[in-house]
Amino acid sequence: MESNSRPLDTLNKARDKKVIIELKNGKQIRGTLIAFDIHINIVLEDAEEYQDNELKRKFGSTFIRGDTIILISPSE
Amino acid sequence: MESNSRPLDTLNKARDKKVIIELKNGKQIRGTLIAFDIHINIVLEDAEEYQDNELKRKFGSTFIRGDTIILISPSE
Amino acid sequence: MESNSRPLDTLNKARDKKVIIELKNGKQIRGTLIAFDIHINIVLEDAEEYQDNELKRKFGSTFIRGDTIILISPSE
Amino acid sequence: MESNSRPLDTLNKARDKKVIIELKNGKQIRGTLIAFDIHINIVLEDAEEYQDNELKRKFGSTFIRGDTIILISPSE
Amino acid sequence: MESNSRPLDTLNKARDKKVIIELKNGKQIRGTLIAFDIHINIVLEDAEEYQDNELKRKFGSTFIRGDTIILISPSE
Amino acid sequence: MESNSRPLDTLNKARDKKVIIELKNGKQIRGTLIAFDIHINIVLEDAEEYQDNELKRKFGSTFIRGDTIILISPSE
Amino acid sequence: MESNSRPLDTLNKARDKKVIIELKNGKQIRGTLIAFDIHINIVLEDAEEYQDNELKRKFGSTFIRGDTIILISPSE
Chain A
1 MESNSRPLDT LNKARDKKVI IELKNGKQIR GTLIAFDIHI NIVLEDAEEY QDNELKRKFG
61 STFIRGDTII LISPSE
Chain B
77 MESNSRPLDT LNKARDKKVI IELKNGKQIR GTLIAFDIHI NIVLEDAEEY QDNELKRKFG
137 STFIRGDTII LISPSE
Chain C
153 MESNSRPLDT LNKARDKKVI IELKNGKQIR GTLIAFDIHI NIVLEDAEEY QDNELKRKFG
213 STFIRGDTII LISPSE
Chain D
229 MESNSRPLDT LNKARDKKVI IELKNGKQIR GTLIAFDIHI NIVLEDAEEY QDNELKRKFG
289 STFIRGDTII LISPSE
Chain E
305 MESNSRPLDT LNKARDKKVI IELKNGKQIR GTLIAFDIHI NIVLEDAEEY QDNELKRKFG
365 STFIRGDTII LISPSE
Chain F
381 MESNSRPLDT LNKARDKKVI IELKNGKQIR GTLIAFDIHI NIVLEDAEEY QDNELKRKFG
441 STFIRGDTII LISPSE
Chain G
457 MESNSRPLDT LNKARDKKVI IELKNGKQIR GTLIAFDIHI NIVLEDAEEY QDNELKRKFG
517 STFIRGDTII LISPSE
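Chains as they are written, first to last, in this note's numbering: chain A, 1 to 76; chain B, 77 to 152; chain C, 153 to 228; chain D, 229 to 304; chain E, 305 to 380; chain F, 381 to 456; chain G, 457 to 532.
In isolation and in its complexed conformation, chain A is listed as follows (with noise of 0.2 Å):
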């Protein structure tokens, strides 16, 4: 990745690859990132939820509030 790169830009090369979100919370929500704008709401397909690295819920597509969101990272 070279430098001068923006973090949005970061966000764009995750699209369609699975990724782990932690909320403030203290959930994790993992799936395919569909969609984020500038106030990093988020849309993930096959959303999952997990609390202490344990699988709580599936949801289809979800909608996340950007100002709930700690961190974005790549599943793998």
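By construction, these hints were calculated from the structure, which means they are not laboratory data. Misleading hints may appear alongside valid ones.
To be verified - Dumping the calculated EDC-like pairs for lysine to aspartate or glutamate here, alpha-carbon to alpha-carbon at most 20 Å:
#1 G:Lys474 <-> E:Glu352
#2 E:Lys328 <-> G:Asp523
#3 B:Lys89 <-> A:Asp37
#4 E:Lys317 <-> D:Asp280
#5 A:Lys18 <-> A:Asp37
#6 C:Lys170 <-> B:Asp128
#7 G:Lys483 <-> G:Asp465
#8 A:Lys13 <-> A:Asp52
#9 D:Lys255 <-> E:Asp356
#10 E:Lys331 <-> D:Asp295
#11 G:Lys473 <-> E:Glu349
#12 A:Lys13 <-> F:Asp432
#13 E:Lys362 <-> E:Glu352
#14 B:Lys100 <-> A:Asp16
#15 D:Lys246 <-> C:Asp198
#16 F:Lys436 <-> F:Asp389
#17 C:Lys179 <-> C:Asp161
#18 G:Lys512 <-> F:Asp396
#19 F:Lys438 <-> F:Asp417
Let chain A serve as the given structure and place chains B, C, D, E, F and G on it in line with the hints.
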């Protein structure tokens, strides 16, 4: 869902459909998505409040302030 | 309620009607919706504060700051 | 109070009158409303702080930052 | 104090006077008001920190970030 | 470092270097600073999460939302 | 310090001087003020973290996000 879509496009496709909204206070509101705006303020119809998967209350239409929302997903 | 309506349209239809407002501090204010703005600052008349469904206090008209509000729904 | 009024109109009518302000930290400030702005920053005169309905302190005029306010109502 | 004054006018009149500032973390800072801006960022001189009415610390001049402030009142 | 520099200049000099980021939730993320923007959204590569100085997890590249960050400092 | 000065003027005079910064999480960072901006983002050099007046850690230069800061005062 094609790439390059934006998060609000996803909300738009959920209009008139059943959604589950998770709030920062740990509660869940389920209902039919009627309206939203860029702040993610939401209006649901036939809304029901759940806590720990137990139905707590029924509303008619409900206005939910966007900054209290963690995520929005289709009800099934 | 037709599609493509906006959340504030819903508030507008609730003017002069009884509403229940849930606050982030766990309290509930019930009263007649007199005025609101884009910040969801609200003015109620004949407002009553409830906690755990128990009437705690009566106000005349009350100004509620928008950022303390979780949701607004018709009282019945 | 006619329909279509805005929330700040209500505050304007309360100028020079006694109001009760509830703060997010659970305290109550009572006094005469002297000034406000669009952030709901408030100046009271002859302000008194109450906690659990007990008078804790008297101030002269007091500037209250808007983002600490839950609601403002006439004292009667 | 005449009607229609704005909250910042009140702060302006308090310049070079002793004030008490209450912070969201429960502490109190007392000192001479030297400067403020529209964010209610404040500079005090001869500032002293109190907790539960006990003097904890003395500063020289102190810059206080506006969003940590609950209220500002004249020291007497 | 000469005077009159701006905070983002300092971040710019840290590009491609190891940094430690402290988050509001008490965790620490260490990695190589790849990108940042004016909201202090950050991208790290070879990121590792520490809690109480214990390595908890390794990520590849990680996007960190700016409003969860307390401070950023060079790793050595 | 003459009247009508603005809060950022005070920060400007503290450049290249030792300051104490109190954070919302109860920690204190001491160091030499190198840079700041209108969000009160701060860069310190030779920064040291204290908790309950005990030195916890030394950094080189440190970027501190403005919204985590309560106050900034000269170190003596």
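Hint check: E:Lys328 vs G:Asp523, CA-CA at most 20 Å. Holds or violated?
holds (13 Å)
Can you confirm whether the C-alpha distance between F:Lys436 and F:Asp389 stays at or below 20 Å?
Not satisfied, since the Cα-Cα distance of roughly 31 Å exceeds 20 Å.
Assess, step by step, whether the Cα of G:Lys473 is no farther than 20 Å from the Cα of E:Glu349, and give holds or violated.
The hint holds at about 17 Å.
For the pair we were handed, G:Lys483 and G:Asp465, check the Cα-Cα distance against 20 Å.
violated (25 Å)
Are the Cα atoms of G:Lys474 and E:Glu352 separated by 20 Å or less?
Roughly 19 Å between the alpha carbons, so the hint for G:Lys474 and E:Glu352 holds.
Are the Cα atoms of A:Lys18 and A:Asp37 separated by 20 Å or less?
holds (18 Å)
So if I understand the rule, the pair passes when the alpha-carbon distance is 20 Å or less; does F:Lys438 with F:Asp417 pass?
The given pair, whose Cα atoms are some 23 Å apart, is violated under the 20 Å limit.
Holds or violated: A:Lys13 and F:Asp432, Cα atoms, limit 20 Å.
violated (32 Å)
Given hint D:Asp280 paired with E:Lys317 - CA-CA distance at most 20 Å:
Status violated; Cα separation ~32 Å.
Are D:Lys255 and E:Asp356 close enough, with their CA atoms no more than 20 Å apart?
This hinted pair holds, its Cα atoms lying about 15 Å apart.
Could you grab the alpha-carbon distance between E:Lys362 and E:Glu352 and see if it respects the 20 Å cut-off?
Given pair E:Lys362, E:Glu352 holds - Cα atoms ~4 Å apart, limit 20 Å.
Given the hint that D:Lys246 pairs with C:Asp198, does the C-alpha gap stay at or below 20 Å?
holds (17 Å)
Hints 4, 6, 7, 8, 12, 14, 16, 17, 18, 19 from the list above are not met by this structure, while the remaining hints are.
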